[in-house]
Amino acid sequence: MKAGLRDWLTTEAPGSRRQAMAGRLYGAGLALLGNPLAVLGGLIVLLLVLVAAFAPWLAPESPVGQDLGRRLLPPSAEHWMGTDELGRDILSRVIWGARITLMIVALVAVIAAPVGLIVGAVSGYFGGWIDRVLMGLTDVFLSMPKLILALAFAAALGPGIENAVIAIAITTWPAYARIARAETLTIRNAEFIAATRLLGASHLRIIGLHILPLCTSSMIIRVTLDMAGIILTAAGLGFLGLGAQPPLPEWGAMISRGRAFILDQWWVATMPGFAIIVVSLGFCFLGDGLRDALDPKGRK
Amino acid sequence: MAASFSPAPFRSRAALVQAAKGVAEFVAITAVTFLGLLALTFFIGRVVPIDPVLAVVGDRATPEQYEAARVAMGLDRPLLVQFASYVWDVLRGDLGMSVSTNKPVAEDLLRVFPATLEMATIGIVIGVALGVPMGVIAAARQGIWVDQTIRVLALTGYSVPAFWLGLVGLAVFYAGLGWVSGPGRMGIFYDGIVAPWSGLLLLDAALAGEWEVFRSAVSHIVLPAAILGFFALAYIARMTRSFMLDQLSQEFVTTARVKGVPEWRVIWVHAFRPIRVQLITVIGLSYAGLLEGSVMIETVFSWPGIGNYLTTALFNADMNAVLGATLVIGAVFIGINRISDVLYRVLDPRSRS
Chain A
1 MKAGLRDWLT TEAPGSRRQA MAGRLYGAGL ALLGNPLAVL GGLIVLLLVL VAAFAPWLAP
61 ESPVGQDLGR RLLPPSAEHW MGTDELGRDI LSRVIWGARI TLMIVALVAV IAAPVGLIVG
121 AVSGYFGGWI DRVLMGLTDV FLSMPKLILA LAFAAALGPG IENAVIAIAI TTWPAYARIA
181 RAETLTIRNA EFIAATRLLG ASHLRIIGLH ILPLCTSSMI IRVTLDMAGI ILTAAGLGFL
241 GLGAQPPLPE WGAMISRGRA FILDQWWVAT MPGFAIIVVS LGFCFLGDGL RDALDPKGRK
Chain B
1 MAASFSPAPF RSRAALVQAA KGVAEFVAIT AVTFLGLLAL TFFIGRVVPI DPVLAVVGDR
61 ATPEQYEAAR VAMGLDRPLL VQFASYVWDV LRGDLGMSVS TNKPVAEDLL RVFPATLEMA
121 TIGIVIGVAL GVPMGVIAAA RQGIWVDQTI RVLALTGYSV PAFWLGLVGL AVFYAGLGWV
181 SGPGRMGIFY DGIVAPWSGL LLLDAALAGE WEVFRSAVSH IVLPAAILGF FALAYIARMT
241 RSFMLDQLSQ EFVTTARVKG VPEWRVIWVH AFRPIRVQLI TVIGLSYAGL LEGSVMIETV
301 FSWPGIGNYL TTALFNADMN AVLGATLVIG AVFIGINRIS DVLYRVLDPR SRS
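So the sequences go chain by chain: A and B.
Using this note's numbering, the first residue of the first sequence is number 1, and each one after it goes up by one.
Using this note's numbering, the first residue of the second sequence is number 1, and each one after it goes up by one.
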């Protein structure tokens with residue numbers, strides 16, 4: 001039975017689209033599992049999702065409950081990461097902060113990836129002046145310093161987590177547009193696209209059903225690799241007071257609060273930083289692994 | 001006679017036309033990119049805020065000040081006219097007044113920029129000096145522990161928040177070990193001893209022969225510059241490794257090995273030489289990236305550069321200063337990228353026709 005399933009997955013001549021896709025996923029999954037760093041990265045990302053989902057049950061205390069009687073306590077058996085200047089348990093705040101981080105990266109991905117995908121696909125598919133205008137715009141955005149641009153946008157929009165998400169999304173979409181355009185250019189003149197067109201399919205149908213799906217794998221790789229940068233930018237905005245506002249337990253904002261105590265009560269600023277590093281590294285490892293597993297061009 | 005002395009690349013008329021086309025294309029792309037940057041800062045300053053006047057004068061302004069600013073900013077005119085006059089102002093070097101320093105933003109930026117330049121330059125020197133050899137060694141020892149260590153170190157550079165590393169560095173090397181000085185550019189006793197000439201404190205102090213000041217400045221700059229250098233190193237080492245791996249899998253490398261060329265020569269001469277041009281682009285990109293990354297580092301180290309100026313302006317809601325600093329950082333960023341692009345084309349024989 002087990003061998004039968006594997007044969008079905010690895011067959012050279014899949015009988016249906018579903019079978020071909022399952023086979024591809026199986027192959028990529030195997031390649032991914034053979035890469036220890038990628039597995040580690042995947043586990044970290046999974047951990048982030050689980051911690052975010054079960055934060056109320058995992059956190060020993062409330063992330064906003066103040067107790068001035070026990071402020072700035074060092075890490076101990078009772079408070080694994082110590083307490084902050086308002087007597088809040090830092091571990092609990094880091095756990096709740098996972099939700100904010102996950103929400104930010106998910107929102108940025110949900111906004112920026114489709115925008116970039118559509119701009120790039122339209123640009124590559126139609127070519128001509130549409131391509132020149134759209135890619136000119138993309139290149140202008142691409143040649144700007146991303147962090148500074150996000151800072152300026154966040155400053156103009158006003159502080160807040162939603163505005164931080166918008167500011168970061170504005171700076172991330174152009175890279176996706178470039179990738180989608182490159183992919184589209186390689187597919188555009190393929191015979192199956194010509195055949196679909198002869199069957200009377202509209203441009204919208206060809207782009208939506210035939211081109212966009214083929215861009216997804218390179219998109220997933222790029223988005224995963226970008227996650228670390230997005231997390232760092234979001235934390236940076238939080239650190240400067242432009243992102244999540246107090247008392248939200250956003251990691252960057254927590255480091256900013258701990259800045260005043262860094263020389264004596266080092267744990268207040270340090271602990272949220274470790275969370276940022278672990279999660280960013282996780283996305284980096286996973287992204288590298290996905291690229292090796294999914295991207296046929298990167299294979300040696 | 002004169003014709004035989006014409007520079008080598010322009011031997012034929014066609015080559016000259018080709019070169020002229022290249023220059024024209026370069027100028028056009030650069031101009032469009034700068035115009036795009038201006039359009040973005042204009043958009044951020046005048047269109048995004050709900051009330052751009054309030055963003056400039058701040059909420060403590062009287063109604064008269066508000067009205068004066070509104071007229072001065074020409075907000076009653078069509079958007080395109082406003083943009084044209086904005087571009088004209090910037091070209092003349094007028095970036096508006098800063099409400100927090102009460103000086104023209106352009107003057108402020110000119111004053112603070114050398115501090116950033118000094119730190120980023122030392123950072124990139126550290127990044128290149130360590131990053132390139134590390135990348136080459138990692139590629140030469142692909143797969144074993146040296147390679148794995150360097151790879152993970154490089155990936156750490158993509159995952160550590162710069163401001164966090166700055167704080168931890170201060171806690172460890174300043175408060176803990178006492179190896180370096182704390183925030184700021186020099187000890188408070190030395191302030192004002194050296195008259196700024198280039199604005200680069202190390203250079204000015206050395207030229208004035210004030211070695212006490214020089215020592216103080218070195219012990220202040222070493223930590224923030226080293227942290228910037230670490231981020232440059234991460235990127236440079238990663239790119240160097242991947243370029244080297246490409247070269248080492250080429251056939252000419254195998255040929256050299258078969259001929260019995262010593263391994264160090266294969267790596268440092270045969271494989272390394274061809275990637276030097278690619279590295280210029282990488283180093284340029286990473287230098288530009290450091291100017292940007294210094295925003296966070298300067299804020300943590302109270303370093304009186306453009307990044308600190310930008311974040312201070314953010315806290316004071318001083319929008320003219322924010323946009324001016326954004327514009328200057330963006331322009332330098334684009335400028336460095338364009339220059340490294342040109343260098344690449346000039347130096348790489350494969351990109352010539």
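Please keep in mind that the hints were generated in silico from the structure rather than gathered at the bench.
C-beta atoms are modelled at their ideal positions from N, C-alpha and C, and glycine is treated no differently.
Be aware that one or more of the hints could be misleading.
To be verified - Selected chain B positions facing chain A (in silico; Cβ < 10 Å):
1) Leu37
2) Val168
3) Phe189
4) Ala288
5) Leu323
6) Asn337
Unchecked claim - Sample of chain B residues with no beta-carbon within 12 Å of chain A, all distances over it, derived:
7) Ala20
8) Ile280
9) Ala313
Said to hold, decoys possible - Covered stretches of chain B (in silico footprint by chain A; criterion: 3 or more residues with CB under 8 Å from a CB of chain A, positions within the stretch not fixed):
10) 40-49
11) 153-163
12) 212-220
13) 236-242
**Message:** So, against the hints stated earlier in the document, which numbers end up violated here?
**Reply:** Hints 3, 9, 12, 13 not satisfied by this model.
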